[in-house]
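> Sequence:
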Amino acid sequence: MLRSRAWGFAAMGHPDILLIGHVTRDLLSADPRSDHRLGGAVSFGAVTAVRLGRAPTVITRAASSTDLSALPAEAEVTVLPSPSTTTFANVYTEQGRVQYCHARALPIASGDIDVRLRRPRAVLLGPLVGEIGPDVAGLFGDATLVVAAPQGWMRRWDDAGRVCGGRWDDAGGILRCLDVVVLSREDIEHDLSRLEPFVEHVPLVVVTESCDGSTLYRCRGRGAIVTTRIPPRPAEEVDPTGAGDVFATAFMIRLEETGDPVQSARFANVAASFGVEQAGMGGIPCRETILAYMQEHPFEPSTGGP
641 MLRSRAWGFA
651 AMGHPDILLI
661 GHVTRDLLSA
671 DPRSDHRLGG
681 AVSFGAVTAV
691 RLGRAPTVIT
701 RAASSTDLSA
711 LPAEAEVTVL
721 PSPSTTTFAN
731 VYTEQGRVQY
741 CHARALPIAS
751 GDIDVRLRRP
761 RAVLLGPLVG
771 EIGPDVAGLF
781 GDATLVVAAP
791 QGWMRRWDDA
801 GRVCGGRWDD
811 AGGILRCLDV
821 VVLSREDIEH
831 DLSRLEPFVE
841 HVPLVVVTES
851 CDGSTLYRCR
861 GRGAIVTTRI
871 PPRPAEEVDP
881 TGAGDVFATA
891 FMIRLEETGD
901 PVQSARFANV
911 AASFGVEQAG
921 MGGIPCRETI
931 LAYMQEHPFE
941 PSTGGP
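Residues 641 to 946 (our numbering) make up the sequence shown, in order.
The set of hints was computed from the structure by calculation and includes no laboratory data. Computed from a predicted model, the values in this text were never measured in an experiment. Accuracy of the hints is not assured; some may be wrong.
Pairwise CB distance ranges, derived in the manner of DEER restraints [said to hold, decoys possible]:
1) 778 with 668: 35 to 41 Å
2) 900 with 703: 36 to 42 Å
3) 723 with 935: 48 to 54 Å
Even glycine gets a Cβ: it sits at the ideal position worked out from N, Cα and C.
Based on the sequences and whatever the hints tell you, model everything.
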């Protein structure tokens with residue numbers, strides 16, 4: 641039933657699920673000459689949306705030579721021109737991920753979003769190198785669930801390309817346009833005080849916590865914040881790249897379908913946990929797999945103050 645509804649909406653000329661951001665060349669080692677595979681929030685998001693029976697539309701920028709064959713055939717893809725494709729190397733160590741940015745594609749601005757694409761059921765803004773302009777978030781009306789994974793607005797890099805976290809000082813204009821923010825503890829360098837501008841402007845903030853699951857932060861008015869911890873599904877991790885993108889897309893889709901952020905976060909936890917058990921995008925599960933696990937493993941959410 642959900643599949644029919646989603647594809648029918650797309651057939652009327654409006655996208656079902658809209659994904660905006662750069663695709664990437666994800667190098668398989670720290671060597672800039674090494675082999676690579678397709679990555680980026682929109683790539684993982686497109687595969688996730690299709691596996692969940694939804695119809696994704698992708699707006700990205702990349703060089704014309706970029707191999708996009710890993711994107712699902714069911715996705716509608718607009719590739720804006722760029723002399724280069726955003727290129728990352730992700731090196732995983734015992735201390736965590738070390739990331740290098742070796743190339744960046746051109747930005748994406750509001751004028752790049754066709755008028756017919758501005759009324760999706762849900763949109764995910766997934767910047768990787770700050771490529772999505774602040775004017776993009778304000779394009780969408782009240783009928784659209786607007787979600788952002790803001791890591792790309794919070795990154796800095798040195799002359800060698802090594803990426804580090806940074807504060808997002810001019811966030812307010814974008815945050816006021818959002819319904820949901822999804823970010824990781826790594827994005828805020830494990831400093832929960834840095835959530836303050838997010839919870840001030842956005843009604844629902846979700847923090848992913850790797851193998852510990854995720855936590856919802858919901859504003860209840862007059863500065864009151866309710867937190868809800870969502871348990872993980874234990875996973876045998878093979879490749880964590882893209883886990884946050886799978887989570888964000890799955891959460892967005894399930895929230896749009898049900899309006900229940902707690903069960904949507906549980907749904908997304910399970911989706912992301914399956915995704916890390918295979919390299920690349922091969923482990924992203926279908927809807928039936930996720931729901932079967934949730935039915936077999938019910939949980940009682942733990943809710944409290946900040």
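> It remains to establish, for every hint, whether it holds in the given structure.
Structure-based check of each hint:
{"no.": "1", "hint": "778 with 668: 35 to 41 Å", "result": "holds, 38 Å"}
{"no.": "2", "hint": "900 with 703: 36 to 42 Å", "result": "holds, 41 Å"}
{"no.": "3", "hint": "723 with 935: 48 to 54 Å", "result": "holds, 49 Å"}
Checked against the numbered hints above, the structure violates none of them.
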